[in-house]
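Put together the whole structure using the sequences plus the hints.
The opening residue of the sequence shown carries number 4 in my numbering; numbering runs sequentially from there.
The reader is advised that the hints may include incorrect statements.
Straight-line Cα separation of at most 25 angstroms, SDA-like style, residue types lysine to any residue; simulated pairs [claimed, not checked]:
1) Lys200 with Thr165
2) Lys10 with Gly186
3) Lys10 with Leu29
4) Lys10 with Gln78
5) Lys93 with Asp161
6) Lys10 with Ala185
7) Lys200 with Gly125
8) Lys93 with Glu131
9) Lys10 with His59
10) Lys200 with Gly186
11) Lys10 with Ile65
12) Lys10 with Ala42
13) Lys200 with Cys30
14) Lys93 with Arg103
15) Lys93 with Gly56
16) Lys200 with Val169
17) Lys93 with Trp105
Treat the hints as calculated values from the structure; they're not laboratory data.
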Amino acid sequence: MSRRSIKAEQLHLWRGVNHVLCGIDLCVSPGEMLVVTGANGSGKTSLLRTLCGLVHPEEGRILWGEQNVRQDLPQFHSELVYLGHEPPLKGDLSARENLRYWVGMRRTFTTSELDAALIRVGAGGWSEQPARTLSAGQKRRVAIAGVVLFAAPLWLLDEPATNLDVDGQRLVSNLIEEHVTAGGLVIAALHHELNLKSVATQRLELSSR
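This is the structure:
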């Protein structure tokens, strides 16, 4: 795992006249998790998208270690995985094919690693089915398998347990705990609390403006 921390310093983001992020500061070190909460429209997704470089803030900066991520975005992106609301799956490809395509664009992995990731999330029995035939919860499990398969130190997760049943929520909690315990970093926007027992957790609550 990386020994780098991620820091945000005085992030300001506008959407038209809406001041979405107003002077956000944060610092998450290896072996830590930051839980981002707030009402709908408070900027949770905007914050995650800004942290991973998909949105440019009008003011402030993001540091990965001591380096501004804007100095080398491709290198920064190689060390993170972002999972948004919608699983990034192609409907006509199977779960297995989706992971080969999605994750394979970033890193090389073995068939054994792919099988292990699918089994870990409970997708082993239907990994050959087209994604369009899967339920919302099954699609979320495939996306979570992708997060694991990326083997990135920094996880940015937007409502990772969406559409999952109790067992699926427990799976997400366990994977986060394993990742953080191994020295990874997690920043997750959550509406509903996960059962995280052994994780050093910070909290950031955003307010609607």
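Point to revise | Given hint Gly186 paired with Lys200 - CA-CA distance at most 25 angstroms | key: Since the Cα atoms of Lys200 and Gly186 sit roughly 16 angstroms apart, the hinted pair holds (cutoff 25 angstroms).
Check your understanding: Regarding the pair Lys93 and Gly56, is the alpha-carbon distance no greater than 25 angstroms?
Key -> 23 angstroms, holds
Check your understanding: Is Lys10 close enough to Ala185, meaning Cα to Cα at most 25 angstroms?
Key -> 20 angstroms, holds
Point to revise | 25 angstroms limit on alpha-carbon distance, applied to hinted pair Lys200 and Cys30 | key: Judged against 25 angstroms, a Cα distance of about 21 angstroms means the pair holds.
Point to revise | Restraint status (C-alpha distance of Lys10 to Gly186 at most 25 angstroms) | key: Given pair Lys10, Gly186 holds - Cα atoms ~16 angstroms apart, limit 25 angstroms.
Review point. Are Lys200 and Val169 close enough, with their CA atoms no more than 25 angstroms apart?
Key: With Cα atoms ~16 angstroms apart, Lys200 and Val169 stay inside 25 angstroms; holds.
Exercise for review: Measure nothing beyond the straight line between the CA atoms of Lys93 and Trp105; if it is 25 angstroms or shorter, mark the hint as holding.
Suggested key: This hinted pair holds, its Cα atoms lying about 9 angstroms apart.
Check your understanding: Is Lys10 within 25 angstroms of Leu29, Cα to Cα?
Key -> Answer holds: Lys10 to Leu29 is near 6 angstroms, not above 25 angstroms.
Check your understanding: Given the hinted pair Lys93 and Arg103, is their alpha-carbon gap at most 25 angstroms?
Key -> Holds - the C-alpha atoms of Arg103 and Lys93 are around 12 angstroms apart, at most 25 angstroms.
Point to revise | Pair hint outcome, Lys200 versus Thr165 [Cα-Cα no greater than 25 angstroms] | key: Given pair Lys200, Thr165 holds - Cα atoms ~20 angstroms apart, limit 25 angstroms.
Exercise for review: Assess, step by step, whether the Cα of Lys10 is no farther than 25 angstroms from the Cα of Ile65, and give holds or violated.
Suggested key: 6 angstroms, holds
Review point. Are the Cα atoms of Lys93 and Asp161 separated by 25 angstroms or less?
Key: 20 angstroms, holds
When each numbered hint is compared with the structure, no violation occurs for any of them.
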